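J.: Top line first, the protein sequences correspond to chains A and B.
Add 750 to the 1-based position in the first sequence for my numbering, that's all there is to it.
Add 144 to the 1-based position in the second sequence for my numbering, that's all there is to it.
Think of the hints as simulated: they come from the structure by calculation, not from any bench.
The structure displayed is predicted, hence computed values, not measured ones.
Treat the hints with care, since some could be wrong.
To be verified - Below are the BS3-like pairs computed for lysine-lysine, each with C-alpha atoms no more than 30 Å apart in a straight line: (1) B:LYS157 / B:LYS201; (2) B:LYS214 / A:LYS850; (3) A:LYS850 / B:LYS199; (4) A:LYS850 / B:LYS197; (5) A:LYS850 / B:LYS162; (6) B:LYS214 / B:LYS147; (7) A:LYS820 / B:LYS199; (8) B:LYS199 / B:LYS214.
To be verified - Derived Cβ-Cβ restraints for the label pairs, each shown as a range: (9) B:GLY184 / A:SER770: 17 to 27 Å; (10) B:ARG217 / A:VAL794: 19 to 29 Å; (11) B:GLU200 / A:GLU765: 35 to 45 Å; (12) A:THR774 / B:LYS201: 22 to 32 Å; (13) B:GLY184 / A:THR812: 34 to 44 Å; (14) A:VAL794 / B:LEU185: 15 to 25 Å; (15) B:PRO250 / A:THR812: 27 to 37 Å; (16) A:GLU765 / B:ILE221: 43 to 53 Å; (17) B:VAL196 / A:ILE763: 37 to 47 Å; (18) B:PRO240 / A:ALA802: 24 to 34 Å; (19) B:SER211 / A:GLY803: 37 to 47 Å; (20) A:SER760 / B:THR255: 19 to 29 Å; (21) A:PRO863 / B:LEU185: 22 to 32 Å; (22) A:GLU767 / B:LYS215: 44 to 54 Å.
Backbone N, C-alpha and C define an ideal beta-carbon position, used for all residues, glycine too.
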Amino acid sequence: GQQLNQSPQSMFIQEGEDVSMNCTSSSIFNTWLWYKQDPGEGPVLLIALYKAGELTSNGRLTAQFGITRKDSFLNISASIPSDVGIYFCAGRTYPFGNEKLTFGTGTRLTIIP
Amino acid sequence: DVKVTQSSRYLVKRTGEKVFLECVQDMDHENMFWYRQDPGLGLRLIYFSYDVKMKEKGDIPEGYSVSREKKERFSLILESASTNQTSMYLCASSQPRGTDTQYFGPGTRLTVL
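The shape of chain A in the complex, shown without the other chains (with noise of 0.2 Å):
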């Protein structure tokens, strides 16, 4: 099945420094989502994007949809402690309403002292 390659694969950040992280995909999605994990739970689900371009923020966080819907992007800023954890893109594409979702490599924050 394909997959998606996440970058970067981990980041050692320290508080209150802005993050960016980003999705590629071989083919094109019609729906992009970020899920973050924190550590020993399940993701959680942070954004959806629906449409090509589209920006979308959920508090400090802020997501777009690329233009080519190959790819996606993650902004957090002003990190904070509680923001260590791993954070996956997933896709979807058509037929709407297909369940399935094809998700990232995840990219592993954490927050240096």
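For chain A, the structure is supplied; the task is to place chain B on it using the hints.
T.: Leaving out everything else, chain B in the frame of chain A:
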């Protein structure tokens, strides 16, 4: 509060054993999914189910089977566990017809010796 529970957080089995991983959701969701999570590979879909007694193969079904006898319960079965099936297993559920949120359980970390 929505909830997906998995029968065990940690499980240790021996090569060749038959292993059952159980997942229960209390949201009356029709769709249920089994993923495995491995470092650097993200989440990969093993099997999913759109309804009771229905199942479809995901991207990596080899070595696994599933059972869905009741709407709230989705079981993953390893007929003869092998060491390469050591992984984190995540169950998820969602509403049908285009709802994006998949709700995940906390995961079962399976070690096959």
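J.: Mind checking the alpha carbons of LYS820 of chain A and LYS199 of chain B for me, to see if they're no more than 30 Å apart?
T.: Holds, because 29 Å separates the two Cα atoms, which is no more than 30 Å.
J.: Is LYS157 of chain B within 30 Å of LYS201 of chain B, Cα to Cα?
T.: holds, 24 Å
J.: 27 to 37 Å was suggested as the range; check whether the CB atoms of PRO250 of chain B and THR812 of chain A agree with it.
T.: holds, 28 Å
J.: Check whether the Cα positions of LYS199 of chain B and LYS214 of chain B lie no farther apart than 30 Å.
T.: holds, 12 Å
J.: Do the beta carbons of PRO240 of chain B and ALA802 of chain A sit within 24 to 34 Å of each other?
T.: For PRO240 of chain B and ALA802 of chain A the Cβ distance comes to about 25 Å; the hint holds.
J.: Are LYS850 of chain A and LYS162 of chain B close enough, with their CA atoms no more than 30 Å apart?
T.: Status holds; Cα separation ~27 Å.
J.: Is LYS214 of chain B within 30 Å of LYS147 of chain B, Cα to Cα?
T.: Cα-Cα ~16 Å, so holds.
J.: Do the Cβ positions of SER211 of chain B and GLY803 of chain A conform to the proposed distance bound of 37 to 47 Å?
T.: holds, 43 Å
J.: Is 43 to 53 Å a correct range for the gap between the Cβ atoms of GLU765 of chain A and ILE221 of chain B?
T.: The hint (43 to 53 Å, Cβ to Cβ) holds, given that GLU765 of chain A and ILE221 of chain B are roughly 44 Å apart.
J.: Look at the Cβ atoms of GLU200 of chain B and GLU765 of chain A and judge whether their distance stays inside 35 to 45 Å.
T.: Once the Cβ atoms are compared, 44 Å apart, the range 35 to 45 Å for GLU765 of chain A and GLU200 of chain B holds.
J.: For GLY184 of chain B and THR812 of chain A, compare the CB-CB distance with the range 34 to 44 Å and indicate the outcome.
T.: For GLY184 of chain B and THR812 of chain A the Cβ distance comes to about 26 Å; the hint is violated.
J.: Regarding GLY184 of chain B and SER770 of chain A, is the given constraint of 17 to 27 Å on their beta-carbon distance met?
T.: holds, 20 Å
Of the numbered hints stated above, the single one contradicted by the structure is hint 13.
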